[in-house]
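These protein sequences, in sequence, are chains A and B. Heads up: the first sequence at position 168 corresponds to 168 in the working numbering, and the numbers run straight through without jumps. Heads up, the working numbering is the position in the second sequence plus 1000, with the first residue counted as 1.
Don't read these hints as lab results, they were simulated from the structure.
A few chain A residues that face chain B, going by a derived Cβ cut-off under 7 Å, partial list only:
hint: 1; residue: Tyr215
hint: 2; residue: Glu219
hint: 3; residue: Leu221
hint: 4; residue: Ile228
Positions of the beta carbon are idealized from the N, C-alpha and C atoms, including for glycine.
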Amino acid sequence: MRTAVVASSIAAGVRVAAEIENLPGVDVFIVVCNVGMRPALLRWARELVLLAKSFGRWTPARLWRYVRLHRLIILSRALDDASSTERLRSLQCDVGLHAANVIYREPVISAFRLGILNAHIGILPAYRGRSVAEWSVLQSERTGVTVFFIDSGIDTGARIVLHEFISPDGKNSVEKLKKMLFGCDARLYRQALEALMSPEFQCDRNDISKGRRYYVMSEMLTEVVNHILMGLDSFGLPNRP
Amino acid sequence: MDSETAHSQSVPPDRRNGILCGALLQRRSELRKSWKHLISADCLEHLGPIAPEVGAVLSGPDAARGWPLLDHFTWLCSDADFWGCLQAFALAKKIECRPGDRTPAPLSLASLKRLASADGFKLLCVRYRCPVNIAAPSELEIAEELLRQLMVTDRAKIEAGGAFDVAGVLLRLNLVGIRALVARDLRSLDALNYFYELPHRSLVRMRANSRLLAFWLCIYTQLLSKPDWLKCGQL
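Generate the whole structure from the sequences, applying the supplied hints.
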């Protein structure tokens, strides 16, 4: 399965690629977007800083292998630009893995045979949109991650590949909880690719009528969620009043 | 397709509700002290005879009306116009309304989106002459769109410091606030929280429509004062 990690930086791309590159039957490309269309100097300074920060999770040899095999593609224009879309098409990938802070339009999505997978930090179809981890905690629902094929709507893509409930225990703030959930993406992408390569696999349906769209949470409710999370002691049990 | 590493530890509802209730009351207390920074003396003057009542709602003891959770919502009609009904609602007065003979034809979301802001404003004022109707199940799609407009389009414009349609934003805040109160939708309440938390320089721009600004804050006050927010099953 030809797979492209669509990443916001080389470091982000390498991190996800490292998890899936040893999967049998998977060929990995890393496509790096110029998010925010930064000038070249600023962009490369950022890339170097991020690579330096993540050193240890990549090696020069591994990175060089991607460069040498022409599997590291640096887009200079916006992802929606026709030339970028054409470049994506030329890779003839089956699946894209979302690791960039961008919104995908239809031409980009359809550049991949099966589509682009997103690791959404909420359980679909119940929790679409923003701040869904916080809303789940506030509403006493289980937190977790859903891997699904995106469409051009907000978490409305119809095909869910998998979801995993992940406990917030031990994460005593919204920031830590979200960081942990976001950090599960590479592992869950790996599981999703394994599932997709299995002959009997069928996607679940993301029935949006069974959920709601959520929006960025106010400071007030975020603080409420922080307090709820802090209410869990180190054993994961609520403190007694 | 469904895997589970661990059960998320569920915080007991009582504890969650206690924390949420405390935060709402704290915000209510803050608003009681600070509303005059938003509704300036000039604004109060523009409000005319209702200024003392607005002040009483915002500064006084809690004045929330007990809207029951509605299983079967009936479209309501009123002899008062939109502004009369909205004022009564904001000031927690009794609204003279009665069940309508029939629900109006559905409002198409596409047609609402196509309208220029001034025309959209008029259309909403006519359709929601009795503004409680925004909480009717038949209006869910429109109510969701108003919430989306607030939390995506309006929020982006305001946070970027650009020009925004003050009357349109305030009308949406009022209708979304009413929906929060009647339908107990916490997402709608949180939209009001979010806008209240905008930088002061953004909020003072809303003084351009002092009446809608005052009504919004009065409705927000009622939302914060509602003790039974926390008892509803679906937050």
